[in-house]
Amino acid sequence: MMGIELRKLRFQRDGPLFDGLDFEFATGAMTVLTGDSGSGKSTLLSLIAGFAPLTYEGTILVDGQDNHNASMQTKASRVGMLFQNPDQQFTMRTLRGELNFALENLDLPADVMAKQIRQSVALGENDTFLDRDLQTLSGGEKQRAALTVLLAMDAPVLLLDEPFASIDPASRQQLITKLGKLRDAGKTIVIADHDLSDYAGVADELVSLEKGQLTRLPLTTLTTIPTHFHLTQTDAVTTPLLHLDQVVCSQNCRVLIRAADWHFNTGITTLTGANGSGKSTLLRAMVQLHPYQGRMFLGERRLRHRQRLFQTMTLAVQDATKQFVTLTPADELKFGAPLTAEVRERQQAALDYLGLTEKQSGSLYHLSDGQKKMIQLIAMLSLDRSFLLLDEPFSGLDERACAFFTAWIKEKAAEEAFLIVTHRLAPLAGVSQQHVQLADQHLAVLGE
Amino acid sequence: MLPKKTNALNLSLLILLLTLEISFSHSVKLDLALIGLATGFLLWRRAFKSLVVLALLPLIPAASTYWAITLHGTDTSYALLLFVRTYAFTALGLVFLIGVDLEALLLWLEQHKLSPNFVYGLLVVIHALPQIMHEVAAIREASLLRGQKLHPWSPMIYVKVIFVAMSWQDQYVKAMYAHGYTEGAKRNVRRAIISSRRGLVAAAALFLLLNVLVR
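Residue numbers (full-length UniProt numbering), protein chains in the order written: chain A, 1 to 448; chain B, 1 to 215.
Just so you know, these hints were derived from the structure itself, not from any lab. Cβ coordinates follow ideal geometry from the N, Cα and C atoms, glycine included. Check each hint, because a few of them may be wrong.
Claimed, not checked - If you want the footprint, here are the derived chain B segments under chain A, 3+ residues with CB under 8 Å: (1) 18-32; (2) 38-50; (3) 67-77; (4) 121-134; (5) 174-180.
Taking the hints into account, I'd like the entire structure generated from these sequences.
So this is what it looks like as structure tokens:
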């Protein structure tokens with residue numbers, strides 16, 4: 001049995017991306033594929049899967065067979081692909097409908113279909129949302145649902161493109177463990193991920209993609225990742241900034257947050273909590289875009305839903321595409337009140353450093369998700385506000401970009417307060433001054 | 001596996017037939033009866049928002065036709081007829097929207113030889129509609145977060161939504177392929193969908209009853 005083999009792969013994307021790439025992914029193993037944003041990880045996975053109309057030279061063998069001219073049906077029965085964006089991957093309304101759709105596409109006999117659906121649902125442990133409207137599921141649940149469909153289709157090779165971008169650490173660990181079990185059952189798995197935590201002891205290979213070349217890295221790279229971060233500085237001088245007074249915040253009739261008397265301070269605050277605990281909802285309530293009971297004060301002033309509020313504080317939302325108002329990066333960076341020459345220079349320097357200068361006049365939608373996040377952060381950090389809330393600013397960013405934005409945040413923190421919700425704590429280590437956790441509806445300061 | 005019964009086709013046919021009938025009939029009573037039945041149906045399905053839509057949406061067109069005919073028309077009995085007819089059309093439309101399971105209807109049509117490309121393409125669009133609505137709200141919010149207010153009539157919103165939807169198209173196509181969909185390939189059906197006979201009889205009975213009792 002063969003896994004995935006690349007022979008003399010050549011592919012052009014604004015210049016040659018892969019130029020005679022030879023590589024063999026280990027069969028029946030879990031390979032973690034890492035690399036900077038825009039290095040071509042997604043493209044490589046798309047080429048292997050063959051679901052997008054991309055023209056390349058060379059040969060890609062999956063399970064010993066060349067998929068190039070195979071029908072989509074055949075491709076899908078050989079390779080299962082999980083996409084980065086959880087939203088646009090279902091045709092039907094419910095997971096049950098989607099499972100039927102996928103297996104009907106493979107033209108399997110009805111009794112085999114029934115068996116495979118039963119097995120995959122048991123394996124995916126998601127019988128609870130089998131008949132729920134897929135639109136109402138959280139990002140993590142959608143990814144679990146999509147994985148279940150792939151399990152039912154029973155392809156020997158699974159490709160996962162940044163599948164955990166919007167998933168909390170607990171579900172992430174759970175999913176990685178689950179993927180480990182699938183590997184034990186004989187599947188070949190390739191996961192593209194920036195974040196290498198949680199793979200130690202599960203992944204069999206670590207491969208880095210850099211300048212169009214794949215290189216095996218030692219597995220010890222995974223075990224030397226620090227898991228504890230300094231997010232609190234005891235000597236930091238911070239003062240109360242935003243006061244929550246008897247605030248109760250709920251969503252879909254479920255109370256998420258109760259804050260009787262709570263102060264967010266100036267400086268850089270990290271806010272953590274499990275997925276679905278209400279962190280994003282709290283940030284939206286703070287910028288008055290989500291209803292809540294009680295009162296909020298910024299300094300002495302009561303916060304209300306007014307356009308003026310956004311001159312003082314604003315929010316960088318989790319999904320970068322939901323922050324964009326215009327169609328190109330250049331327009332996006334210019335949008336709003338005119339910027340000073342100094343800020344314009346700063347933006348240009350950031351674009352140069354992150355390799356986005358050439359992409360400025362193209363469409364925002366042709367950027368990789370990491371690049372979208374970069375444009376979003378440049379735009380938001382260019383604003384002059386006294387309190388900036390950031391929801392998952394580091395998702396999809398490589399370490400170099402993380403370091404760049406952390407430095408920018410640190411520099412601005414002299415005059416601005418930051419409240420940062422993130423699952424990735426490493427970039428904030430040594431920068432964050434307070435660590436607040438949201439658990440069981442309550443906010444609490446965490447010490448070292 | 002037992003076939004799944006659906007009333008989607010029966011209800012759609014009944015609505016189509018009634019729409020045709022009220023387009024030609026001059027019976028105010030029939031229109032009122034349909035509005036009453038539809039209100040009952042929407043109450044039963046707890047579609048309270050739709051009731052508000054039913055009350056308000058046809059108000060301006062209905063009232064303006066009424067006034068136009070009373071002021072300028074020769075036969076003022078038409079004024080009331082057109083007023084209630086506008087409401088009856090809206091009521092039937094809302095019953096279709098709330099009552100017909102489009103997924104079941106389209107799958108039934110697929111099993112009766114409608115092209116799967118058409119069926120699944122339409123299903124993707126139908127299921128993406130809430131996301132598109134969400135996108136409109138998101139753009140207005142995004143602008144607000146940057147300190148600018150976009151009004152509902154601002155063309156920027158709609159240009160942007162069209163581009164967003166177009167960028168989704170590629171993703172949806174890839175996702176359908178990843179789940180094994182192939183144009184023109186043979187597909188098996190896991191569960192046959194049949195149109196309920198009892199439902200058809202009930203729909204026919206309701207149609208006759210309406211015509212006998214109300215006209």
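How the hints compare with the structure:
1. Check result for the region 18-32 of chain B against chain A: violated, 0 residues qualifying (beta carbon to beta carbon below 8 Å, three or more required).
2. Against chain A, the region 38-50 of chain B contributes 0 residues with a C-beta closer than 8 Å to a partner C-beta. That does not satisfy the three-residue criterion, and the hint is violated.
3. Counting residues of the region 67-77 of chain B whose CB lies closer than 8 Å to any CB of chain A gives 0, so the stated coverage by that chain is violated, three being the minimum.
4. Look at the region 121-134 of chain B against chain A: 6 of its residues bring a Cβ nearer than 8 Å to a Cβ of that chain, three or more, so the hint holds.
5. Residues of the region 174-180 of chain B with a Cβ under 8 Å from some Cβ of chain A number 7, which satisfies the need for three, so the listed coverage holds.
Of the hints listed earlier, those the structure fails to meet are numbers 1, 2 and 3, in rising order.
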